[in-house]
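Make a model of the complete structure from these sequences and hints.
Heads up: the sequence shown is residues 1 to 325, going by full-length UniProt numbering.
Worth flagging that the hints you see were computed from the coordinates, not collected in a lab. Just so you know, even glycine gets a beta-carbon here, dropped at the ideal spot from N, CA and C. Hints should not be assumed to be uniformly reliable.
Claimed, not checked - No more than 25 Å apart at the CA atoms, straight line, and that leaves these computed lysine-lysine pairs for DSS-like:
# : residue 1 : residue 2
1 : Lys293    : Lys256
2 : Lys194    : Lys208
3 : Lys182    : Lys291
4 : Lys3      : Lys32
Claimed, not checked - Now the in silico label distances, taken between C-beta atoms and shown as ranges:
#  : residue 1 : residue 2 : range
5  : Gln230    : Asp196    : 10 to 20 Å
6  : Arg263    : Ser173    : 17 to 27 Å
7  : Ala274    : Lys109    : 15 to 25 Å
8  : Gln53     : Lys206    : 41 to 51 Å
9  : Pro247    : Pro175    : 34 to 44 Å
10 : Ser314    : Gln53     : 19 to 29 Å
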Amino acid sequence: MSKSILIHENGGPEKMKFEDVEVGKPGPGQVKLRHTAIGLNFIDVYTRSGLYQTPMPNAVGREAAGVIVEVGPRVKGFRKGDRVAYCGVLGAYCQERVMGVDQLVQVPKGVSDEQAAAIMLKGMTTEYLVDRTAKAWLKKGDTILFHAAAGGVGLLFGQWAKARGYKVIGTTSSPAKAALAKKNGYKWVIDYTKQDIVAEVKKITKNKGVPVVFDGVGKDTWAASLDCLQPRGLMVSFGNASGAVAPIPIGILNAKGSLYVTRPSLGAYTATRADLEASARSLFKMVKSGKVKISIDQHYPLAEAAQAHIDLESRKTTGQTVLVP
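Take a look at the structure:
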């Protein structure tokens, strides 16, 4: 028997149960994986709580790394013993699973299983945010704003954006997190519990504002984010850590300077096999080059996934977190 965290109904962390499961044999186009590390992401909270509706029961997570232990018929490009990783495929909070190979990528030498598990979702999110979503708005030397700078995506984003030649303002909730953000590429850090975000951004930019805001927080930062933008600036709303943004009249974008808004997702940016491989290749290249350093700041046994969710939601975690099967 294998073990899995399962939810049978939406709710709090207590709804996650550590249960025995039967793992079958892989069918055509599938492999059987033994997980070695599982990534923790805020989207897992949305799955558990019901903000993102999913079939029941399910094993919550969407990101992991492991070793192929069995290969089904008609599988090309993957063999038993390969180190692989994936993200975006529901059901990762388990010791073993059977899954199709369409979302798997090979983990290269120089990148550990823990690193791969911790950064597939966050790292490829960072890749599309910095290198693709706002490309038409940015040039080297530009100043941009990123909310939740000490979070999992935030620490990768600061390093990646700096490597691309941008100057980044980050927001955090404590001096300790501010110091961490500064070590990870942020030129300026605003403590939003004590400082006015808009006033500080205007001060840093000499009242110009920024061309792009990257906002994964959602409801709590939406209004401030719009007010930090230059005329014709881009609001990149890519997450809901504080809750979903309420519906707004589209005319507000006109009133605040002919603004643009996008609500991107990793799924759309890795929809084709070519896009998925290119994004993963860019991510692993950045890690191997040392331009983006990966620190695994928290480890939890898979059986303690509920506690990991409690700590994540209360903002006690920083950087990258993995569950150990």
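Structure-based check of each hint:
{"no.": "1", "hint": "Lys293 / Lys256", "in the structure": "37 Å, violated"}
{"no.": "2", "hint": "Lys194 / Lys208", "in the structure": "22 Å, holds"}
{"no.": "3", "hint": "Lys182 / Lys291", "in the structure": "15 Å, holds"}
{"no.": "4", "hint": "Lys3 / Lys32", "in the structure": "14 Å, holds"}
{"no.": "5", "hint": "Gln230 / Asp196: 10 to 20 Å", "in the structure": "18 Å, holds"}
{"no.": "6", "hint": "Arg263 / Ser173: 17 to 27 Å", "in the structure": "24 Å, holds"}
{"no.": "7", "hint": "Ala274 / Lys109: 15 to 25 Å", "in the structure": "23 Å, holds"}
{"no.": "8", "hint": "Gln53 / Lys206: 41 to 51 Å", "in the structure": "45 Å, holds"}
{"no.": "9", "hint": "Pro247 / Pro175: 34 to 44 Å", "in the structure": "36 Å, holds"}
{"no.": "10", "hint": "Ser314 / Gln53: 19 to 29 Å", "in the structure": "24 Å, holds"}
Hint compliance for this structure: hint 1 alone is broken.
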